[in-house]
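**Q** Residues per chain are reported as follows:
2 protein chains.
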Amino acid sequence: MKAEHIEQYKKAVAAVGAKKIKNIYLVACGGSKAFMNPSQYIFDLETDVPAAVYSSNEFVHRCPKGLGEGSVVITCSHSGNTPETVRATSLAREKGALTIAFSNLVDSPLWKAAEYPIHYDWTGCDFADSRYGMIYAVTFGILNVLAPCEKYEKAIATLDVLQACIDRAKELHSVRANKFGKDHKRDSLIYTMASGSNYGSAYSFAICLLMEMSWVNSNSIHSGEYFHGPFECTDYDVPFLLLKGIDQCRPLDERAENFCKKYSDRVTVIDAAEFDLHEVPEELKCYFAAVVTDYVLRDYAEALADHRGHPLTVRRYMWRMEY
Amino acid sequence: MKAEHIEQYKKAVAAVGAKKIKNIYLVACGGSKAFMNPSQYIFDLETDVPAAVYSSNEFVHRCPKGLGEGSVVITCSHSGNTPETVRATSLAREKGALTIAFSNLVDSPLWKAAEYPIHYDWTGCDFADSRYGMIYAVTFGILNVLAPCEKYEKAIATLDVLQACIDRAKELHSVRANKFGKDHKRDSLIYTMASGSNYGSAYSFAICLLMEMSWVNSNSIHSGEYFHGPFECTDYDVPFLLLKGIDQCRPLDERAENFCKKYSDRVTVIDAAEFDLHEVPEELKCYFAAVVTDYVLRDYAEALADHRGHPLTVRRYMWRMEY
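Taken in sequence, the protein lines are chains P and D. Going by the numbering used here, 202 is the number at position 202 of the first sequence; the sequence numbering is gapless. Just add 1000 to the spot in the second sequence (first one is 1) and you have the numbering used here.
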């Protein structure tokens, strides 16, 4: 991890350590919101300090009563210009919360709104300096000040070795991603399915990679909820992309896979159990597999875009008009 | 409200009042999970005791660290037989949490698993004795023991007058519901959209009424998230059913409506501002409008089923096989 990134995240974590923390709010929109889900998952399992994810505008308009001086509010906007996320950050700061904001743009409105802004690099960078790397540093850093533990220090050390795991996983899936793109080029609807730490990735693949960037209809079905409604839409020709995790919720994904494959001939599975994560300590694999899956997913979207002749950069509304 | 229902909910609320409460978990599957969303919304706005909703099997497999003696766990299963919800209740009880379970079936496995089981009536009953009536009694009852307040007493009194509001809203929408059914009979995909206290209803309409009972593809889009991905799927022929609330999040729904109507000719809006809720105290309308919307939605699903010749009772997997 770059020196300035280490300095930024350590400053934020030290500030959290100096406070008595009552709750943690993770606030953002769309893909930036989805990328906070694994952190919420980790907090929920590792500490009894409650952590919740909100979409920024909902957070602004119906501010939770628990927001106050005992709160840590973590926000994110890639451009640092998402108005509702900037407002959420300002609101949190007004209420006395400790604010940490992630942005790719230094000195953006979001950067200025937060007490502890943190920069991250984008494509082509090492995992440790990426958005996921930086929020994992903050997540495990906060856990380590709440209840110091070797496991959390190991997690932070893992950030610097994860890129190798990601590279291998992408290589493992390169042919499969291309097959997915070819097999689904005519589909107007593709469902995603996941649970636990993978749910955020299923959500962002559905609403960002498919709906936004590919104009393909979708819904991110929770693997447990699948049996309480959505499974009735399963048929031989209905495509599903299932993210099978290796966290505590794997049994939910296995159950969904078993059923779904029986009644649909078009189920694609990205199984984290196949990843070679040998650099990751055993007890932390459950938390790191989700981000590896997220990187692999990008290649599935790229392949689909290529076969459909609809680049992921094309938009009809976003950035092209006021809304 | 029936005497035995009053007795059951008061017993549960008194038990909560006798404890020091640290957190509230609302745990169920599918439609039963969705119906807990308004309660989570109310708790979140009215108390700083954290309240979170979980799908039962996820709660069981990755039990949050905050679960313990200071927890109140509220579960629901209509049949009282949903295995993962029964397990979630037993697990919560083992961990020392106070357990309250809603079921239509007295002496069901869920009923026996919980310390405080609560019965509710089903179709044809007065609102106060329905599932929503009973959970609102518990929700405002808990708020009233946490911080006694006339507003919460008024909310409980409102349960007995809400049926009149529901009847009028259903009447107002009878022609519109039929038109919705006719206009959408050929659609293989209908999106729902909502925010705040209505989001649970948009979710259950999407995954239960549409996907499960009508075999129509869907996704419940959050009105705020719409602009961060899903809106790119909007086109002149893409159908949306928007629930426009009168709670704190109304501005999110208005923004989504304005955009969506500009680019789709097939937007149906159920606007709670049109409901005559004159029996409901002004400061509580924001919390009661959502349940009225939920009742109206049922008629939209019935009308769609009628025009499609696919009754809401038809299933291909549910109840017909092991899964």
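Bear in mind the hints are in silico, worked out from the structure with no lab data behind them. Just so you know, not all the hints are guaranteed correct.
Below, in silico cross-link-like pairs of lysine-lysine (DSS-like), each with a Cα-Cα straight-line distance of 30 Å or less [to be verified]:
| no. | chain 1 | residue 1 | chain 2 | residue 2 |
| --- | --- | --- | --- | --- |
| 1 | D | K1285 | P | K19 |
| 2 | D | K1285 | P | K95 |
| 3 | D | K1285 | P | K10 |
| 4 | P | K95 | D | K1151 |
| 5 | P | K179 | P | K261 |
**Q** Decide, hint by hint, whether the structure agrees.
**A** The hints, checked one at a time:
no.: 1; hint: D:K1285 with P:K19; in the structure: 38 Å, violated
no.: 2; hint: D:K1285 with P:K95; in the structure: 27 Å, holds
no.: 3; hint: D:K1285 with P:K10; in the structure: 46 Å, violated
no.: 4; hint: P:K95 with D:K1151; in the structure: 25 Å, holds
no.: 5; hint: P:K179 with P:K261; in the structure: 18 Å, holds
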